[in-house]
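K.L.:
Protein chains in written order, with our numbering: chain U, 1 to 266; chain H, 267 to 500; chain S, 501 to 621.
Don't take each hint at face value.
Covered by chain S, per the in silico footprint, the following chain U stretches (three or more residues, Cβ under 8 Å) [to be verified]:
1. 28-41
2. 57-66
Reference listing, derived: stretches of chain H covered by chain S, where coverage requires no fewer than 3 residues with Cβ under 8 Å from a Cβ of chain S [as the list claims (entries may be wrong)]:
3. 281-295
4. 324-332
5. 337-344
6. 380-394
Derived, one-sided and incomplete: chain U residues facing chain H with beta-carbon distance under 10 Å [claimed, not checked]:
7. 47
8. 48
9. 49
10. 50
11. 51
12. 52
13. 53
14. 69
The set of hints was computed from the structure by calculation and includes no laboratory data. Just so you know, these numbers come straight off a predicted model, no measurement behind them. In this text, a Cβ means the ideal position worked out from N, Cα and C, and glycines have one as well.
For reference, the chains in residue letters:
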Amino acid sequence: MIARWILLALLPIVAGISLAQSRRLSAIIGMGLFSFVLAAVYLLMHAPDVAITEATIGAALVTAIYVLAIRRTGRLTVVADEVPRLIAREGDHITGLEYEILDGFARETGLDLSIQFVPLRRVPWLIAHREADIGAGGIIPLEEAEGALLPTPRHLKTGVYTFPARSKPREVPATVPDYEGYFSELLTHGRSGTLSTVVTSLDLARVLALGRAGALLQGLDRIDGEYGYAFLIAKRRAKLRRDYADYLARLSTSGQLDDMIKRHFS
Amino acid sequence: MTKDRVQTILAVGIIVAFAALVGITYANSHPHPADSQQYLARALEETGASNRVAGIYLNYRLFDTLLEVLVFSVAVLGVRHYLQQSKGMSLPTLSESEVVQTAVSFLTPLALLLCSFFAIFGHISPGGGFAGGVIAASGLLYVAIAHGMKAIETRLNPWRLALAEKAILLSLLIFLLVPVAVGRIPLSDLLPKGTPGQLLSGGSILIYNILIAMKVFIGAWLVIAAFAQHRGEL
Amino acid sequence: MAAMVAFILFSIGILALVLRRDLVIKLLALGMINAASILFLISIGDRPGARPPIQIPGEMGILADPLPQALVLSAIVVNFAILALALVFVMILVERYHTTDSIRIEQEMARESEEEETLCL
Numbered sequence: 001m002i003a004r005w006i007l008l009a010l011l012p013i014v015a016g017i018s019l020a021q022s023r024r025l026s027a028i029i030g031m032g033l034f035s036f037v038l039a040a041v042y043l044l045m046h047a048p049d050v051a052i053t054e055a056t057i058g059a060a061l062v063t064a065i066y067v068l069a070i071r072r073t074g075r076l077t078v079v080a081d082e083v084p085r086l087i088a089r090e091g092d093h094i095t096g097l098e099y100e101i102l103d104g105f106a107r108e109t110g111l112d113l114s115i116q117f118v119p120l121r122r123v124p125w126l127i128a129h130r131e132a133d134i135g136a137g138g139i140i141p142l143e144e145a146e147g148a149l150l151p152t153p154r155h156l157k158t159g160v161y162t163f164p165a166r167s168k169p170r171e172v173p174a175t176v177p178d179y180e181g182y183f184s185e186l187l188t189h190g191r192s193g194t195l196s197t198v199v200t201s202l203d204l205a206r207v208l209a210l211g212r213a214g215a216l217l218q219g220l221d222r223i224d225g226e227y228g229y230a231f232l233i234a235k236r237r238a239k240l241r242r243d244y245a246d247y248l249a250r251l252s253t254s255g256q257l258d259d260m261i262k263r264h265f266s
Numbered sequence: 267m268t269k270d271r272v273q274t275i276l277a278v279g280i281i282v283a284f285a286a287l288v289g290i291t292y293a294n295s296h297p298h299p300a301d302s303q304q305y306l307a308r309a310l311e312e313t314g315a316s317n318r319v320a321g322i323y324l325n326y327r328l329f330d331t332l333l334e335v336l337v338f339s340v341a342v343l344g345v346r347h348y349l350q351q352s353k354g355m356s357l358p359t360l361s362e363s364e365v366v367q368t369a370v371s372f373l374t375p376l377a378l379l380l381c382s383f384f385a386i387f388g389h390i391s392p393g394g395g396f397a398g399g400v401i402a403a404s405g406l407l408y409v410a411i412a413h414g415m416k417a418i419e420t421r422l423n424p425w426r427l428a429l430a431e432k433a434i435l436l437s438l439l440i441f442l443l444v445p446v447a448v449g450r451i452p453l454s455d456l457l458p459k460g461t462p463g464q465l466l467s468g469g470s471i472l473i474y475n476i477l478i479a480m481k482v483f484i485g486a487w488l489v490i491a492a493f494a495q496h497r498g499e500l
Numbered sequence: 501m502a503a504m505v506a507f508i509l510f511s512i513g514i515l516a517l518v519l520r521r522d523l524v525i526k527l528l529a530l531g532m533i534n535a536a537s538i539l540f541l542i543s544i545g546d547r548p549g550a551r552p553p554i555q556i557p558g559e560m561g562i563l564a565d566p567l568p569q570a571l572v573l574s575a576i577v578v579n580f581a582i583l584a585l586a587l588v589f590v591m592i593l594v595e596r597y598h599t600t601d602s603i604r605i606e607q608e609m610a611r612e613s614e615e616e617e618t619l620c621l
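Given these sequences and hints, build the entire structure.
P.N.:
Laid out in structure tokens, this is it:
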């Protein structure tokens with residue numbers, strides 16, 4: 001009888017704690033524990049059949065499929081805007097300088113690399129709301145950028161260009177290129193010559209890629225100043241940021257970074 | 267009125283209604299209803315199963331259980347269908363340490379043994395087909411964790427498993443229709459009841475339990491395999 | 501006591517269902533509501549000094565009521581079916597909107613339908 005009271009009193013505590021967790025994995029494991037305590041309560045209430053079913057289905061099977069579905073640990077989730085030569089799909093695999101750096105970093109830390117392509121404007125939100133670990137894809141951190149996100153050290157120098165005020169609209173080409181998000185918008189506008197109506201400035205990698213894809217880019221002016229590409233990592237992921245900074249420092253002192261840059265931007 | 271207000275009012279209403287339901291039911295439930303004990307005494311002779319729970323849900327309420335099996339099948343079908351549509355990732359190449367592999371080589375036969383015990387003795391002792399099938403599926407999950415999904419997929423083709431699941435469901439339905447051939451209503455039990463407590467007792471409950479265990483084993487494994495192939499999408 | 505705990509668990513489940521924004525945790529809360537209802541039904545079938553409803557030859561005691569237990573077995577399996585299927589739908593939503601935040605998904609959907617309307621005009 002005492003055992004039953006103790007277990008019954010334990011149930012709301014376990015339930016409250018597990019449903020108040022902010023990490024999904026903790027909540028799911030808490031619910032697994034809850035189901036197990038519940039199975040013990042059923043057993044003490046003289047319902048062995050229900051106890052066995054609850055323990056196998058509620059505690060084991062449901063927990064297993066939820067953990068399989070959210071399996072995030074051991075995984076490096078990257079959200080990126082697609083930029084050719086930095087990080088972009090080529091056939092069924094991904095290439096580019098940033099991809100190579102991230103791939104090496106994931107391999108060294110023993111994590112599965114998983115890349116999702118999203119429009120550039122969604123990258124900071126996804127990082128800040130724990131939906132991804134690292135944001136990539138031609139991100140140029142500005143000096144005053146702060147908040148919940150911090151940029152990593154730069155891995156590539158770049159230039160930023162502005163448009164002159166003139167532009168003449170042209171027909172939009174029928175073939176929309178197979179890029180996702182921001183870059184495909186730029187390319188559509190670039191080919192019709194209306195790029196200056198949607199953006200005020202562009203970085204070097206995008207300018208080069210747009211030029212190769214046949215966009216109209218006459219008369220760009222280079223802005224003076226030191227700019228460089230970096231990744232975005234949330235402020236609370238201090239360890240991840242430190243590990244990445246160490247990795248990048250080793251990469252550049254051993255000269256591998258220069259080799260990679262030469263290979264992708266010959 | 268804002269959406270949040272409506273939601274809060276609904277939630278409070280549901281909680282109050284449930285409190286009323288719990289209170290009224292609890293106040294009106296009798297600790298020792300005499301009818302219920304007589305009903306229990308008759309049930310033992312009528313079903314022949316000494317596990318009375320099994321006697322109820324595989325004899326008196328067999329139709330309920332049949333629909334429960336169908337709901338489970340529909341869920342398996344839905345999970346496989348929708349996960350196949352979404353772009354999957356390559357099979358996880360998990361390969362654990364030797365400690366895990368040794369433990370699994372001991373645990374998986376144990377799980378399969380427990381599964382057969384629950385299925386075969388479901389009408390005498392606690393257990394039953396559903397619990398047994400899920401335990402066997404989790405035994406396969408151990409193998410998948412220790413040796414990787416590929417080791418299982420090469421031996422157990424998911425397509426053939428899905429076919430076998432449907433074949434078992436069909437044979438269960440045909441078995442339930444057999445009484446029509448001898449002029450009884452469907453779902454009625456033709457086999458002798460036997461002495462309660464013996465292995466061969468309880469009429470068809472033993473057959474139902476074994477069929478359900480096999481079906482749930484395959485179904486639960488197909489669900490686990492589908493989620494394992496699409497792991498980490500959330 | 502058990503009925504009280506069932507009620508508390510039910511309230512926790514409903515509150516989590518309304519207050520938490522994460523869809524996965526909403527599903528877990530749904531499972532908890534189901535568990536609370538099952539706990540209540542089992543506690544009604546239990547009697548003081550009863551034995552589990554499994555007949556042992558030669559023993560005549562009061563048995564716990566097997567009827568709620570038999571009905572509740574279906575509820576557990578159906579609950580699993582619902583949770584598995586709902587989880588797949590959440591995964592499909594995440595694939596499209598890259599978040600499990602319900603409010604964020606609603607905003608995105610509203611934005612999408614607005615965009616469609618402007619395209620139609």
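K.L.:
Each hint: holds or not?
P.N.:
Right, here's what the structure says about each hint:
| no. | hint | verdict |
| --- | --- | --- |
| 1 | 28-41 | holds (count 6) |
| 2 | 57-66 | holds (count 6) |
| 3 | 281-295 | holds (count 8) |
| 4 | 324-332 | holds (count 3) |
| 5 | 337-344 | holds (count 5) |
| 6 | 380-394 | holds (count 4) |
| 7 | 47 | holds, 8 Å |
| 8 | 48 | holds, 4 Å |
| 9 | 49 | holds, 4 Å |
| 10 | 50 | holds, 8 Å |
| 11 | 51 | holds, 8 Å |
| 12 | 52 | holds, 5 Å |
| 13 | 53 | holds, 5 Å |
| 14 | 69 | holds, 5 Å |
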